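Engineer: These protein sequence lines map, in sequence, to chains A and B.
Under the numbering used here, think of the first position of the first sequence as 1, with each following residue one higher.
Under the numbering used here, think of the first position of the second sequence as 1, with each following residue one higher.
Simulated from the structure, these hints should not be mistaken for laboratory data.
Wrong hints could be hidden among the right ones.
It does not matter which identical chain is meant; a pair holds if it fits inside one copy or across any two.
Stated by the list, open to error - With a Cα cut of at most 25 angstroms, we get these calculated SDA-like pairs of lysine to any residue:
| no. | residue 1 | residue 2 |
| --- | --- | --- |
| 1 | Lys-132 | Gly-110 |
| 2 | Lys-46 | Lys-57 |
| 3 | Lys-132 | Ala-107 |
| 4 | Lys-46 | Asp-170 |
| 5 | Lys-46 | Arg-32 |
| 6 | Lys-132 | Gly-99 |
In this text, all values refer to a predicted model and were calculated from it rather than measured experimentally.
Protein chains: 2
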Amino acid sequence: MSENRNISRDIVLPEPTVRRLPWYLAYVSMIRARGVEYVSSTAISKEIGVDASQIAKDLSFLNIRGKTRIGYEVVSLERELNDFLGFSRVHNAVMIGVGSLGAALIADSGLERYGLNIVAGFDINADLVGSKLCGVPIYHIDDLSERCERYDAEIGIIAVPVENAQEVADRLVAAGVKGLWNFTPARIRTWEGIVIQNTSIYAHLAVMYNRLDDSQNGGRR
Amino acid sequence: MSENRNISRDIVLPEPTVRRLPWYLAYVSMIRARGVEYVSSTAISKEIGVDASQIAKDLSFLNIRGKTRIGYEVVSLERELNDFLGFSRVHNAVMIGVGSLGAALIADSGLERYGLNIVAGFDINADLVGSKLCGVPIYHIDDLSERCERYDAEIGIIAVPVENAQEVADRLVAAGVKGLWNFTPARIRTWEGIVIQNTSIYAHLAVMYNRLDDSQNGGRR
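Isolated chain A (complex conformation) (with noise of 0.2 angstroms):
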């Protein structure tokens, strides 16, 4: 969708900053769907509960400047978090693992709207391989070297039992894959240059459960 727009890219942000571009962008799209034309980091921090200083220095990593009373047009600054963030380029995956959560985040079209392209899934299961689900192929899990090269798949998903988590992920590697998303709760060991995102969404289950069960207990200790 854009040329020339790889500088930005090449900067490693902050986690910080970079979990909170999208808070930034889910905002300004909505009101660039009210048509909203102009928006400031004060408008914007009163919505989002993010300092507006803070916001400021996020966004000044982007190619876009604010204008002084004005602030950002609204229509640029979505673009530029778009491509900022890799949202607007695609991003070929692959999910190995197509249990219950495997078959739901390729069910999710979300994650194609964000620039994830699932390209095929992989498994053991006898019934799955050789299937489609939702118009993606299912083979099996000794035809991910091949698959992938074919595919070049970027991004291994790992949704399988966590006990074969680093076994998945050691196999994701050898196939070429550069970047290993982590839905398991294991923990997988790294290599130089491989890129892992761990989202254990039962762990966020544990941290609202603990809190709650606080908060229902008058915080007693």
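Given chain A, put chain B in place with the hints provided.
Structural biologist: What follows is chain B alone, placed relative to chain A:
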């Protein structure tokens, strides 16, 4: 499943500890399945990549003591971790938004294994209202308050378009829900006594893209 075990769950741990406990649980479940009887914090440390003294400290919050030179009894440790994390207790939840992500989460049986019982889904889509998804009835969002009370729902899962997230959160709290699990990138404003857990998987995707682009460009700035 357990009685008189509530004492430890009333403790609000630091979030990093609560996030690490599921890693230990994953590992301990794995070795329990292999028939291992005892495990030391040093052995867990080697697999998980967390300092052994940190593990011992984290586990000291539980109703379990390791034996010198032998370590923790694996079966007891797994049970205590499950209880402590709230995974062995049923938490009733409602899903708001049964689009691709919401439907995917309802289909993920993994959540049930971790104590999350999704009792109903809510949407505004007339094609969905009145139907069932994996046995879960889907109602119109206008029936939220009445249904939440009837089902004694403790948690509301927010998987609606980002622009509706705040409004849905308000309605959930008005319906008596105590915990909000927000899957949208929206920043939801909190109320006193309401627990919010944000799980923006698209933000994780952005972090991974950013690091991937960097590693492929050799960290060039």
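Engineer: None of the hints should be skipped; say for each whether it holds.
Structural biologist: To see whether the hints hold, each was checked on the structure:
| no. | hint | in the structure |
| --- | --- | --- |
| 1 | Lys-132 / Gly-110 | both (19 angstroms within a copy, 22 angstroms between copies) |
| 2 | Lys-46 / Lys-57 | within (16 angstroms within a copy, 40 angstroms between copies) |
| 3 | Lys-132 / Ala-107 | both (11 angstroms within a copy, 17 angstroms between copies) |
| 4 | Lys-46 / Asp-170 | between (45 angstroms within a copy, 18 angstroms between copies) |
| 5 | Lys-46 / Arg-32 | within (17 angstroms within a copy, 50 angstroms between copies) |
| 6 | Lys-132 / Gly-99 | both (13 angstroms within a copy, 20 angstroms between copies) |
The structure fails none of the hints (numbered hints given earlier).
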